[in-house]
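Student: Residue-level listing of the chains:
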Amino acid sequence: MPPLAQQTVDTVERLRDERKKYDFFTDIESDKAPKGLNEDIIRFISAKKQEPEWLLEWRMRAYQRWLKMSEPDWARVAHPPIDYQDLYYYAAPKSNADRPKSLDEVDPELLRTYEKLGIPLAEQEILAGVAVDAVFDSVSVATTFKEKLREVGVIFSSFSEAVQEHPELVRRYLGSVVPYSDNFFATLNSAVFTDGSFVYIPEGVRCPMELSTYFRINEANTGQFERTLIIAEKDSYVSYLEGCTAPQRDENQLHAAVVELVALENAEIKYSTVQNWYPGDAEGKGGIYNFVTKRGDCRGDRSKISWTQVETGSAITWKYPSCILRGDDSVGEFYSIAIANNRQQIDSGTKMLHLGKNTSSRVISKGISAGRSSNCYRGLVSIHPKAESARNFTQCDSLLIGDATSAHTTPYIESKNPSALLEHEATTSRVSEEQLFYCRQRGIGEEEAVALIVNGFCREVLQKLPMEFAVEAQQLVGISLEGSIG
Amino acid sequence: MSAQISNLPKGAHQAVTSLMEAAERIEAGAPTGEEAALRRRAREQFAALGLPTRRLEAWRYTDLAGALQGPLPPLSSAQDARPNKTIEEAIGLFRESAEQMCALAGSELSATIVFFDGRFSAQHSDLEKLPKSVRLRAGYAPLANGDIDNDMLGSLNLSLASDGFELVVDPDAGAQNFVHLLFLSAKKESCSMHSRAKVRLNKGASLKLLETHIHKNFVSGLQTHLTDVAVGEGAKLEYACIEYNNPQHISLARTEVRLEQEAQFSCTALGAGGKLVRHEYNILFEGGGAKAELGALSLAGAGETRDVNVLLHHKVPECLSDTLVKNVLTGDARGVFQGLVRVEPGAVRSNGRQTSKALLLGRDASMNAKPELEIFNDDVECAHGSAVGEIDRDALFYLRARGISENDARQLLIKAFLGDVLERIEDEALRINTESHAIRWMENVFAQTQEA
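Chains A and B supply the protein sequences, listed in that same order.
Each residue of the first sequence is one higher than the one before, counting from 1 in the working numbering.
Each residue of the second sequence is one higher than the one before, counting from 487 in the working numbering.
Wrong hints could be hidden among the right ones.
[Unchecked claim] Just some of the chain B residues that point at chain A, by a computed CB distance under 8 Å:
1. Gln531
2. Ala855
3. Gly875
4. Leu882
5. Phe883
6. Tyr884
[To be verified] Just a sample of chain A residues kept apart from chain B, beta carbon distances all over 12 Å, derived:
7. Glu53
8. Tyr63
9. Glu233
10. Glu414
11. Glu425
Since the hints were made in silico from the structure, they are not lab data.
Using N, Cα and C, we set each Cβ at its ideal position, and we do this for glycine too.
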């Protein structure tokens with residue numbers, strides 16, 4: 001194994017050994033706005049961020065729109081009503097006021113948090129050339145490798161920085177994929193988003209490293225509203241990694257992020273996620289509510305957007321990373337592993353909208369349900385009349401562990417062009433006694449055996465992850481299913 | 487009247503108003519207080535629900551209100567159906583062709599029961615040919631006090647149904663040859679027909695049933711038809727259904743099937759044409775070890791919409807369901823398939839298969855499919871598949887390379903596509919009969935495209 005990989009493995013090993021260490025929270029005094037949502041709070045956020053007038057107006061339009069919308073109820077998730085006035089919409093670590101110039105200046109408390117989480121921020125430079133734009137309670141605290149990226153013209157910064165430094169780019173692309181009026185949660189995000197990441201890859205540039213952001217939710221009752229915008233200009237390439245963990249809390253935390261990707265001619269964006277937020281205890285108490293809108297726009301011909309996700313955390317996951325295949329010959333991909341254990345509820349899938357000629361999409365979804373959880377794949381493949389010779393292949397498999405769990409598949413297949421070819425396959429099966437017996441006979445412990453079988457079940461997706469993530473994800477699959485057998 | 491109804495577009499509003507008025511008349515003329523109460527409950531339920539909008543998940547691809555264009559007074563007994571000479575001939579022709587086909591398969595018709603313009607026609611039926619163990623009562627609507635809450639079609643039909651039949655097969659008995667139910671209509675003016683049927687197979691019974699609906703001459707009408715099927719322990723029902731519709735015909739049908747222990751049900755439906763034809767199949771497994779096979783073949787041309795809705799509800803252990811739905815769409819036809827396999831927590835060792843395939847032959851044809859799985863326990867084997875596309879170019883090339891003309895090659899490939907469903911019919915007589923209808927439709931389509 002190459003040394004870098006070994007280090008990753010070691011890090012993950014340490015992580016795995018102490019699952020309990022996720023159960024903490026850091027006590028840093030927050031600089032936060034009062035609870036509740038109204039126009040003043042939005043003005044407060046905008047002022048805190050020193051935003052230009054047009055952005056405030058945009059937020060206000062979103063807010064006005066949001067007031068007229070109602071929460072969607074079509075997903076297969078159940079939760080007590082969310083009181084949107086009982087949340088904080090702005091919280092930033094106090095030390096944000098004077099931004100640290102290097103890691104040494106970062107609040108040691110914060111660094112300890114990362115350390116406990118196993119995020120080797122200090123080891124970044126050694127580790128696989130990954131630049132990290134770490135988001136701690138909605139505000140970026142430290143950014144590394146910026147110089148190296150700047151050399152090739154790549155912009156990788158926090159969203160608020162981008163608003164200050166590249167307002168023309170933000171203004172041009174913000175809301176162009178997910179408009180502020182898109183859906184209840186995206187609209188809420190548009191009104192109150194605090195920070196996130198911004199990536200711009202100039203024409204012809206192949207981003208020299210994997211870009212990565214670690215998200216953390218910390219403050220109790222803090223709604224986390226991230227906004228990510230990635231623009232890949234003509235003939236460029238970028239691979240973006242996103243991974244998350246959250247400490248244990250008793251109250252449900254709302255997360256409503258928006259991610260927008262724009263791929264121009266010949267560009268390729270690869271977006272990978274490992275999501276491991278606190279799922280609540282065995283009774284489902286206290287987990288994160290994750291209502292995310294992720295969408296990529298293959299705007300240029302021959303562009304490609306690929307989503308890979310490993311969803312193991314959150315009490316509720318409501319997430320449909322989608323691709324708008326606008327350019328001719330553009331390609332959309334969705335690879336997903338969704339693991340629900342205990343009382344977790346997942347309603348996730350993808351939308352592939354074929355608008356251009358010869359567009360193709362591929363959807364591989366692996367859902368695993370254990371305990372008393374509910375796991376639903378919900379997907380749409382839509383072929384528009386002008387999408388000549390479009391092609392789609394969808395495979396969604398469900399694996400059930402235990403007799404109190406449930407798995408659902410709800411695919412929508414809509415074709416308006418006869419030259420398009422759409423294929424969809426789905427299966428439902430379980431970890432069989434025979435498979436377990438076989439492993440047990442060979443001296444493999446029961447939980448390890450389940451992890452082994454499940455890893456085999458989702459191998460197709462794991463292989464699509466960047467190497468660092470693949471190792472971590474593999475371990476996560478095992479950790480997530482702890483206690484699901486026996 | 488609900489706000490939903492008063493906000494309808496003009497044509498749909500007129501249609502609903504005419505249906506509601508008729509329902510009130512039927513209720514007033516009900517022979518018993520019990521029936522009047524039942525009709526009233528149904529009418530009120532329908533008035534409260536109104537027509538389904540596309541916001542309802544089950545109707546998201548089908549616009550019923552948009553298809554209704556003006557009043558649809560139900561045919562009443564006063565407008566007694568009197569078949570003219572042409573219709574007499576048509577009835578004779580259909581019976582003859584069914585008989586011929588049975589003969590080809592070395593079988594024969596046991597009896598033909600004719601419904602004309604929604605009315606039972608004793609004159610054209612030969613009930614006496616039925617074996618004693620198969621008891622058929624025709625010419626009335628078997629109203630059941632079913633659950634019509636939130637059920638638009640159920641409540642509409644229950645408030646208006648005036649004809650139909652009830653068929654009961656005695657325990658361990660059955661008919662060797664198949665029973666033919668022939669529904670014909672020839673109304674030229676806008677009107678509607680509402681019928682209900684009940685089929686009950688007692689323990690160990692068996693029956694073969696062929697239902698033919700010919701509404702080629704039925705112009706801009708609405709038909710609702712509900713069939714309630716109960717298959718007793720160890721009983722076996724083989725069902726084939728053929729329907730031919732006028733391009734203006736609107737039809738809403740539902741077949742509800744309850745299967746007891748070890749019961750077997752197989753159904754193959756071939757449907758062609760119609761402005762909007764929707765068939766719902768609700769198959770409920772109520773006894774362990776039962777088996778259901780469903781094959782539906784929909785053929786549609788320009789301006790036509792065909793909607794197949796299937797629910798397979800596994801409530802008990804060890805049942806098997808197998809659904810195959812195929813659509814062949816030409817012109818700007820629209821095909822819809824919504825299928826759901828639901829496996830309840832106790833229904834262990836369930837096996838559910840569901841396949842939907844569509845062949846798009848027209849430039850503007852479209853297909854919407856939603857094959858759903860809802861699984862609530864881990865001891866199951868369920869799978870679904872779906873494919874939508876045009877004729878396989880490679881297959882076409884292969885045939886062309888062997889000197890087969892483009893036209894013949896296409897027909898051959900379409901026949902093969904249809905064949906999958908038709909092959910599932912166990913009884914040879916039924917299969918030949920159904921096949922001949924499918925092939926006739928296809929040849930018609932080709933003749934039309936040749937002319938154009």
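Student: Look at each hint and say if it fits the structure.
Tutor: Now for the hints, and whether the structure bears them out:
1. Look at glutamine 531 (chain B): its Cβ only gets to about 24 Å from chain A, farther than 8 Å, so that hint breaks.
2. A least Cβ separation of about 4 Å between alanine 855 (chain B) and chain A falls short of the 8 Å threshold, and the interface hint therefore holds.
3. The beta carbon of glycine 875 (chain B) is positioned within 8 Å of a beta carbon in chain A (closest approach about 4 Å), and the interface hint is therefore held.
4. The restraint placing leucine 882 (chain B) at the interface with chain A is violated, with a minimum CB-CB distance near 13 Å, outside the 8 Å limit.
5. Look at phenylalanine 883 (chain B): its Cβ only gets to about 15 Å from chain A, farther than 8 Å, so that hint breaks.
6. The beta carbon of tyrosine 884 (chain B) is not positioned within 8 Å of any beta carbon in chain A (closest approach about 17 Å), and the interface hint is therefore violated.
7. No beta-carbon of chain B comes within 12 Å of the beta-carbon of glutamate 53 (chain A); the shortest separation is about 39 Å.
8. Every CB of chain B lies more than 12 Å from the CB of tyrosine 63 (chain A), the least distance being 26 Å, so the non-interface label holds.
9. With a least beta-carbon separation of about 35 Å from chain B, glutamate 233 (chain A) lies farther than 12 Å from that chain, consistent with its non-interface assignment.
10. A cut-off of 12 Å between C-beta atoms contradicts the statement that glutamate 414 (chain A) is not in contact with chain B; the least separation is 5 Å.
11. Look at glutamate 425 (chain A): its CB is around 5 Å from the nearest CB on chain B, not clear of 12 Å, so calling it non-interface is violated.
Taken one by one, the earlier hints fail for this structure at numbers 1, 4, 5, 6, 10, 11, listed in ascending order.
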